[in-house]
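What follows is each chain in one-letter form.
Protein chains: 2
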Amino acid sequence: MSKTQPARGMRDFLPADVRKRNYVINIIREVYESYGFEPLETPAVENLETLTGKYGEEGGQLMFKILRRGESLDLTAGERGLTDLALRYDLTVPLARVVANYRNELPRFFKRYQIQPVWRADRPARGRFREFYQCDVDAIGSGSMLVEAEQIAAVAEILNRLGFKDFTIRINDRELLDAMMEVSSIDKAMRPQVLGAIDKLDKIGVEGVTKELLGLGIPEGNIEHILFKITNKDFLADPGQNEIHKFSADRFTANNQMLDFFRESFKVYPDENPGKILAGKAIERLREIISLTGNLSCKDYIKFDPSLARGLSYYTGAIFEINVPDLAGSLGGGGRYDGLIGMFGKEQIPACGFSLGLERILVVMDERGMFPPELRSSSADVLVTVWNAETAGESLRLAGELRQAGLRVLVYPEPDKFGKQFKYAAAVGVRFVAVLGESELADNTVTIKNMATGEQQTVGRSRISDFGFRIVD
Amino acid sequence: MSKTQPARGMRDFLPADVRKRNYVINIIREVYESYGFEPLETPAVENLETLTGKYGEEGGQLMFKILRRGESLDLTAGERGLTDLALRYDLTVPLARVVANYRNELPRFFKRYQIQPVWRADRPARGRFREFYQCDVDAIGSGSMLVEAEQIAAVAEILNRLGFKDFTIRINDRELLDAMMEVSSIDKAMRPQVLGAIDKLDKIGVEGVTKELLGLGIPEGNIEHILFKITNKDFLADPGQNEIHKFSADRFTANNQMLDFFRESFKVYPDENPGKILAGKAIERLREIISLTGNLSCKDYIKFDPSLARGLSYYTGAIFEINVPDLAGSLGGGGRYDGLIGMFGKEQIPACGFSLGLERILVVMDERGMFPPELRSSSADVLVTVWNAETAGESLRLAGELRQAGLRVLVYPEPDKFGKQFKYAAAVGVRFVAVLGESELADNTVTIKNMATGEQQTVGRSRISDFGFRIVD
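One line per chain: the protein sequences are A and B, in this order.
Add 1 to the 1-based position in the first sequence for my numbering, that's all there is to it.
Add 1 to the 1-based position in the second sequence for my numbering, that's all there is to it.
There could be a bad hint or two in this list.
[Stated by the list, open to error] With a cut-off of at most 30 angstroms between alpha-carbon atoms, the simulated DSSO-like pairs for lysine-lysine come out as follows:
hint	chain 1	residue 1	chain 2	residue 2
1	A	K21	A	K166
2	B	K450	B	K424
3	A	K55	A	K201
4	A	K421	B	K347
5	A	K201	A	K212
6	A	K421	B	K282
7	A	K55	B	K4
8	B	K418	B	K450
9	B	K189	A	K347
10	B	K21	A	K21
11	B	K166	B	K304
12	B	K347	A	K4
13	B	K424	A	K347
14	A	K418	B	K4
15	B	K347	A	K347
16	B	K212	B	K201
17	B	K21	B	K189
18	A	K424	B	K347
19	A	K418	B	K282
20	A	K166	A	K201
21	B	K450	B	K21
22	A	K189	A	K4
23	A	K282	B	K421
24	B	K418	A	K282
25	A	K201	A	K268
26	B	K304	B	K282
27	B	K304	B	K189
28	B	K304	B	K212
29	A	K4	B	K55
30	A	K424	A	K21
31	A	K347	B	K418
32	B	K277	B	K201
33	B	K201	B	K189
[Stated by the list, open to error] Cβ-Cβ distance ranges computed for the label pairs, FRET-style:
hint	chain 1	residue 1	chain 2	residue 2	range
34	A	D367	B	D18	44 to 50 angstroms
35	A	A390	B	P193	31 to 37 angstroms
36	A	P373	B	P108	18 to 24 angstroms
Everything labelled a hint here was simulated from the structure, so no lab data went into it.
Idealized CB from N, CA, C, for every residue including glycine.
The whole structure should be built from the sequences, with the hints applied where relevant.
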């Protein structure tokens, strides 16, 4: 007998899984469309040369490459002789390719969402798969903070509609981190690694980050300086909880107070200090995002967090991350990356995007029981029984009438004992059984059984579409 | 500059394409769900051993295989050293794997639909792609003709809801073809090839099929016999048009008359003739399908066609194919295949399925202009203008209010001249622009411009959600 499991690190989604996934995806889609984002889909397979060099050395190793076909396979020519295509590794490089390829067809400002799987030959682990969905939204062509503000609003609305009430959208600016590294005398060449270490602050704490920075050869004084800046208790304390600065309990006010306080802390440097200049610009941008969202319901979820770093090196401005208390990682994140989308062309194209972690959202919603109860049962509302071969056509006709009334209807697929038909109805989880038995067929009636209450009611065939099938506790 | 086209034979779907595809897919999904079919999704990538040998030699060559990763790559060990995974080639083998793997979790009768891409390294041509969607529906576990009848009804409903009125669902039975080959003394070993030739009748005509059968070494007399049976003008003439038999103009009646006539034609053989026995069973099954659908609206689309063969060798009973006058190929097809789903286990599992040709449906709908007009314009209904940086937050707030009223709203992403903002609105195809200019901001009003008529109307901010945005000619 053959192995029947899915390939390593990949998953089959049985109907109950697909229903949950589609529930979340549909809400994401609806909200993004209500914000004017347009759907884009790209092939699972890209030319290898499109992807090569875009994801660093690790990415290159984790890419699923496709064997050349037939005569083009050449064992003597190294990797180029073996492979010419690869599976999509993310949705950002395909977006950059699309933006370059359809310049003249796409609007000047291109807002797109894309919800498709990507593949990475990572070592499978709990919550880490080799095929997983990315849900990306990106706005191409504008450097205005309206873009950031709108994406934060959209993401907050998605989370609200999914039922999340306790999330935080942390925001920071990559240039503010640069500014802090500048004034902390962190060598330019070391900054990506320092950012990488800071990014782990949530997981390994100040002590862990210090150890890692020492390992990178950063002098202890500089480490203290930057860690003091980013982990300043004044910023990290919950609004209203801070004893020294008494930041407001209102998030919007507190965010502005923190930005003020932060600007203050750069006053000690001379005006021409590059770090001070960078910090000034970054703080202005953050202030603008906070101000633009000040009239929107998302404002209460936003928290300026100067320790937020985000691992990826391509961010150039604002960065975001969504967190909930019961998950170590994030539910999603993003930011401005003005240098990336133009990779296939000659000019720099401003861009800002947000990526939602579908798989993690599903895990948290499952653990918290956040899915609506109707997703738990079968796709169908009613099962219609089949009495015998001669009257089976009547069962199909009844099913058609019930569908006309907007119901999802399963017909038992063959004549059988009613006991078996009821057992099947219970197994698949329909809420009603419409019985067309000998007496019902003779009297032109249907007996409706409510599977939850056991209640039965016989009604005339002509009145069947008025029966309140939807009314269930 | 890098190449920015998608990989050979693959397609990017820009927003207008995705909207059309999703429109069709959503209708397919809704109808299948209303028939109680449940969604299934399987990984794009399968273990090579799962797929090997399932699609014949040609299939093996057209499969996209994935290069082994890192140390497991072995240039000296033939194909097994080079590849261990492959891209999904169809949705049927993954279904068989799923049925075997989740036996205890799946209901006794498993009705699933699956709409996912598959990949074949075919030579790209007009309408032939290397990545394309399959839309499959299959019912596993019952040999009853209720299954066939319901699938025909569901498919007819999908086509109706998409706007097709002129399609035919041709039906036949694989065992009726076997019976005809039996009484025409076609050698058992030759039958798959004979079926393959007959399957081309639509395209190459009687003469072409005769030539092909002669080429296979079938004696001329036998060819005449079988071709007389399957191309009998009595069966092929449109109902009501036939001069000799005067079949009814009513499809349902004509189908039954044709089955009667066909049974008659087997009377000349002795009762123990295996062909006559097979024909008797097949005719009974076809009669049952026609009778079961006799109360349903799909009955007028069904046409018994003894020349329908369907290429694939795995069919064991009823076969179907959907045709429209303006397409040479079919819009979909399927049938009963009781031997296939059990391939990963020990027992035979009855199964019947239907596959819709999404790409062809899209082509015909495009050519006929069958998509609803609203799909042609932008995803958004309204563009909100942005006057300046200070009042941009007001634009975001107005957008939020309009979204609350159910509209899809685009905010111009930065302060700019109104001329440019209107130009952009026209380019992306929104139907309304909500102008928040200097005077509107001062008066707490909004000016709504209907982009189709040019009409403008200034309304108070408080009454904005009552404005009839949806009313467009």
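Checked hints:
Straight-line distance between C-alpha atoms of K21 (chain A) and K166 (chain A) comes to about 19 angstroms, which keeps the hinted pair within the 30 angstroms bound. Taken as a hint, the K450 (chain B) and K424 (chain B) pair is honoured in the structure, with Cα atoms around 13 angstroms apart against an allowance of 30 angstroms. This hinted pair checks out: K55 (chain A) and K201 (chain A) have alpha carbons roughly 24 angstroms apart, not beyond 30 angstroms. Proximity of K421 (chain A) to K347 (chain B) is assessed by CA-CA distance (about 25 angstroms); at most 30 angstroms being required, the pair is judged to hold.
As the CA atoms of K201 (chain A) and K212 (chain A) are separated by approximately 12 angstroms, the hinted pair is consistent with the 30 angstroms bound. For the suggested pair K421 (chain A) and K282 (chain B), the alpha carbons sit about 27 angstroms apart, so the restraint of at most 30 angstroms is met. Of the pairs offered as hints, the one joining K55 (chain A) and K4 (chain B) holds, with about 14 angstroms between alpha carbons and a cut-off of 30 angstroms not exceeded. At most 30 angstroms may separate the alpha-carbon atoms for a hinted pair to count; K418 (chain B) and K450 (chain B) meet this at roughly 16 angstroms.
With a C-alpha separation of about 65 angstroms, the suggested pair K189 (chain B) and K347 (chain A) falls outside the 30 angstroms cut-off, and the hint is violated. A threshold of 30 angstroms between alpha carbons decides the hint, and for K21 (chain B) with K21 (chain A) the separation of about 24 angstroms falls inside it, so the pair holds. Between the alpha carbons of K166 (chain B) and K304 (chain B) the distance comes to roughly 15 angstroms, so the proposed pair stays at or under 30 angstroms and holds. Between the alpha carbons of K347 (chain B) and K4 (chain A) the distance comes to roughly 13 angstroms, so the proposed pair stays at or under 30 angstroms and holds.
Proximity of K424 (chain B) to K347 (chain A) is assessed by CA-CA distance (about 26 angstroms); at most 30 angstroms being required, the pair is judged to hold. Annotation: proposed proximity of K418 (chain A) to K4 (chain B) is violated, straight-line Cα distance about 64 angstroms (limit 30 angstroms). For the suggested pair K347 (chain B) and K347 (chain A), the alpha carbons sit about 60 angstroms apart, so the restraint of at most 30 angstroms is broken. Using a Cα cut-off of 30 angstroms, the hinted pair K212 (chain B) and K201 (chain B) holds, with the two alpha carbons roughly 12 angstroms apart.
Distance hint between K21 (chain B) and K189 (chain B) is unfulfilled; the C-alpha atoms sit about 46 angstroms from each other, more than 30 angstroms. Between K424 (chain A) and K347 (chain B), the direct Cα distance comes to roughly 26 angstroms. Compliance with the 30 angstroms bound is thereby established for this hinted pair. With a C-alpha separation of about 25 angstroms, the suggested pairing of K418 (chain A) with K282 (chain B) holds against the 30 angstroms cut-off. Between K166 (chain A) and K201 (chain A) the alpha-carbon distance is near 25 angstroms, which keeps this suggested pair within the 30 angstroms criterion.
A hinted pair counts as satisfied when its Cα atoms are at most 30 angstroms apart, and K450 (chain B) with K21 (chain B) qualifies at roughly 27 angstroms. The hinted pair formed by K189 (chain A) and K4 (chain A) fails the criterion: a straight-line CA distance of about 53 angstroms is larger than 30 angstroms. Between K282 (chain A) and K421 (chain B) the alpha-carbon distance is near 27 angstroms, which keeps this suggested pair within the 30 angstroms criterion. Among the hinted pairs, K418 (chain B) with K282 (chain A) is consistent with the structure: their alpha-carbon atoms are about 25 angstroms apart, no more than 30 angstroms.
For the given pair, K201 (chain A) sits about 28 angstroms from K268 (chain A) by alpha-carbon distance, which is consistent with the 30 angstroms threshold. Annotation: proposed proximity of K304 (chain B) to K282 (chain B) holds, straight-line Cα distance about 19 angstroms (limit 30 angstroms). Simply put, K304 (chain B) and K189 (chain B) have alpha-carbon atoms about 28 angstroms apart, close enough for the 30 angstroms limit, and the pair holds. Taking the CA atoms of K304 (chain B) and K212 (chain B), the gap is about 27 angstroms. The hint holds against a cut of 30 angstroms.
Among the hinted pairs, K4 (chain A) with K55 (chain B) is consistent with the structure: their alpha-carbon atoms are about 14 angstroms apart, no more than 30 angstroms. Restraint check: the Cα-Cα separation between K424 (chain A) and K21 (chain A) comes to about 25 angstroms, which is no more than 30 angstroms; the hinted pair holds. A distance of roughly 27 angstroms separates the Cα atoms of K347 (chain A) and K418 (chain B); the hinted pair therefore holds under the 30 angstroms criterion. In summary, the hint linking K277 (chain B) to K201 (chain B) is supported, as the alpha carbons are separated by about 25 angstroms, within the 30 angstroms threshold.
Taking the CA atoms of K201 (chain B) and K189 (chain B), the gap is near 20 angstroms; set against the 30 angstroms cutoff, the hint holds. Our hint of 44 to 50 angstroms for D367 (chain A) and D18 (chain B) is violated, since their Cβ atoms are close to 33 angstroms apart. Checked against the given bound of 31 to 37 angstroms, the beta carbons of A390 (chain A) and P193 (chain B), roughly 32 angstroms apart, stay inside it. Between P373 (chain A) and P108 (chain B) the CB atoms are about 22 angstroms apart, so this pair conforms to the stated range of 18 to 24 angstroms.
When each numbered hint is compared with the structure, violations occur for hints 9, 14, 15, 17, 22 and 34.
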